[in-house]
Amino acid sequence: MSEKISLKGALFNPLSKNNPVVVQVLGICSVLAVTAKLEPAIVMGISVIAVLAFSNVIISLIRNTIPTNIRIIVQLVVVAGLVVIVDQLLKAYAYDVSKQLSVFIGLIITNCILMGRLEAFAMANKPLPSFLDGIGNGLGYTVILVIVGFFRELLGSGTLLGYQVVPDSFYEAGYVNNGLMILPPMALIIVACIIWVQRARNKDLQEP
Amino acid sequence: MLRKYLDRIKPNFEEGGRLHSFHSVFDGIETFLYTPRTTSASGVHIHDSLDSKRIMIIVVLALMPCLLFGMYNTGYQNFLGSGAASFPLLPIMAYGFLAILPKIAVTYVVGLGIEFIAAQWRKEEIQEGFLVTGILVPLICPIETPLWMLAVATAFSVIFVKEVFGGTGYNIFNVALVTRAFLFFAYPASMSGDRAFISASPICGIGGTVNFADGISGATPLGQIATHSGGALQIHNIVGDPVSNWDAFLGLIPGSFGETSTLCILIGAALLLTTGIASWRIMLSVFAGGLLAGFVVNMFATPTYPSSYLMPWQQLIYGGFAFAAVFMATDPVTAARTGAGKYVYGLLVGIMAIVIRVYNNGYPEGAMLAVLLMNAFAPLIDYCVVQTNINRRVNRLKTKAEKQS
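Going down the list, the protein sequences come from chains U and Y.
All residue numbers for the first sequence refer to my numbering, where the first residue is 34 and numbers rise by one.
All residue numbers for the second sequence refer to my numbering, where the first residue is 559 and numbers rise by one.
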């Protein structure tokens, strides 16, 4: 019974109560870098989900054989291998997006969320919970990425997923896209707004 | 009579009254009109007839010359551009007044609206900081800034620069300058170029239409210099006549609404300094830093950076340098607070303004960015000054103790 609850918790806690981005404030760098448009944000999110879930499983499977002294190196090797696979897949099947994401797919290796989950969860748990934890944290990351990407593309370019959303009549009436939204500072401010809303709703997250 | 009316409606706003939820609005208006009757019951450290509302009023008064001249210049540029034969004072002033009025109104409505809501939300009194910000914002924006952009930028900076940090007196960055920076980075096309600074169409039948196709360019002097290449440097006004330094000092040049006239800024500065509201240390050192940087830049003048050919004193009369030095850098909330820190702060603002202006052709005017940058450094400067003082005193105590033993 307790096993069931913790499985559910492993999957759903990272979505809001223990969100890797807005509660633990990890992986902020890529949130600023890849969210100028919605499409790369979604692709980035999916890549992180895949890498996180599988590296969690692999590390969890071999957790008892990893010598403690070199565990970080082992973790990095696993993550790096998976990132290379994802990078090659993107280059093969979604070349344009992979060009937009440029180095940031490669930089998933250094994403704090991955090291954090591997250290904190996969090293101490069985494969199934680790897998769900990876999915959950990846989703929590993706949700924030998509929200930020949505607002930045809508307000900064007037489009969503490349399709024009703001009608032409707006532009004729004098509306101008907000150029600041394309620049990284606004991503930080939108993340701050999400944190604001979330802490206002969950009183127990507020720091005294 | 007003007092009687206020007293009569006051019970409505007190605890349990009908309009209690608006009590902060009422309180704001009452203390704005009359010096508060209540005094501190417990011990206070400083007695002064000035409260922050009076300070704000004096700053607004100091801005009046700039505002009035801005109106005149806006009208003048329009008349000049539309080919008027004579320049009668009254229609020109009326034109400028009608051009700026909607902007001031929009800024105040948006900014004060947010302040009122925030004050009500936090159950605090209304803070008066926006009184000055609301007039500064239209003064530092180009006259052709669309009203909705002004509203968006004002809302952004009041919420994210002021209210989030705790309201008036707690902000790290100057609210008016952040509004301007937001506009500059968010809508660069509407904020620069040769059309933003000239009000081009008649308002209520006053003024004429400026036809930009007729070889008229409303670029500011610094804008012209930044895009200048080859040949002798000569600044032109909008109809192509050369601009003298005297014109630039008086302010009859295209530019943001209130910052063109160095003369009017100096009148405002005199008022601020005689009443002791602005720090003369900051003001002096900003000008000193500007002159110093202007001098050094001029020594190493190259054609790659055309504005490096300007004389040091010319750097001070063009663009928003003087306005930033007098009204922006001296903002007591965001500037350095220690005596020595003020010199350092001001000097760096002056130097950075000229360095950005000269060595980055993308930003013809660096004063805004310089002040914002130094806002971020002000606490660090203060910290260093305070630490040095502490160390000096500790050492003094040590030597004293050694002598005695």
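Treat the hints as calculated values from the structure; they're not laboratory data.
Incorrect hints may appear among the rest.
Stated by the list, open to error - DSBU-like mimics (lysine-lysine), calculated; alpha carbons at most 35 angstroms apart, straight line:
hint, chain 1, residue 1, chain 2, residue 2
1, Y, LYS562, U, LYS70
2, U, LYS159, U, LYS124
3, Y, LYS681, Y, LYS562
4, U, LYS236, Y, LYS661
5, U, LYS70, U, LYS124
6, Y, LYS611, Y, LYS661
7, U, LYS124, U, LYS236
8, U, LYS50, U, LYS236
9, Y, LYS562, U, LYS50
ask   = Straight-line Cα separation of U/LYS50 and U/LYS236 no greater than 35 angstroms?
value = holds, 11 angstroms
inquiry  = Y/LYS611 and Y/LYS661 were given as a pair; does the straight-line alpha-carbon distance stay at or below 35 angstroms?
reply    = holds, 23 angstroms
task = Measure nothing beyond the straight line between the CA atoms of U/LYS70 and U/LYS124; if it is 35 angstroms or shorter, mark the hint as holding.
result = Answer holds: U/LYS70 to U/LYS124 is near 19 angstroms, not above 35 angstroms.
request  = Starting from Y/LYS562, check that the Cα of U/LYS50 is at most 35 angstroms away, please.
outcome  = Judged against 35 angstroms, a Cα distance of about 55 angstroms means the pair is violated.
Hinted pair U/LYS159 and U/LYS124, Cα distance within 35 angstroms = holds, 33 angstroms
ask   = Is the hinted pair Y/LYS562 and U/LYS70 satisfied, with a Cα-Cα distance of at most 35 angstroms?
value = Violated, at roughly 59 angstroms.
query = Is U/LYS236 close enough to Y/LYS661, meaning Cα to Cα at most 35 angstroms?
reply = violated, 40 angstroms
query = Regarding the pair U/LYS124 and U/LYS236, is the alpha-carbon distance no greater than 35 angstroms?
reply = Violated. U/LYS124 to U/LYS236 sits at ~44 angstroms, over the 35 angstroms cutoff.
request  = Measure nothing beyond the straight line between the CA atoms of Y/LYS681 and Y/LYS562; if it is 35 angstroms or shorter, mark the hint as holding.
outcome  = holds, 26 angstroms
Violated hints for the displayed structure, listed by number in ascending order: 1, 4, 7, 9.
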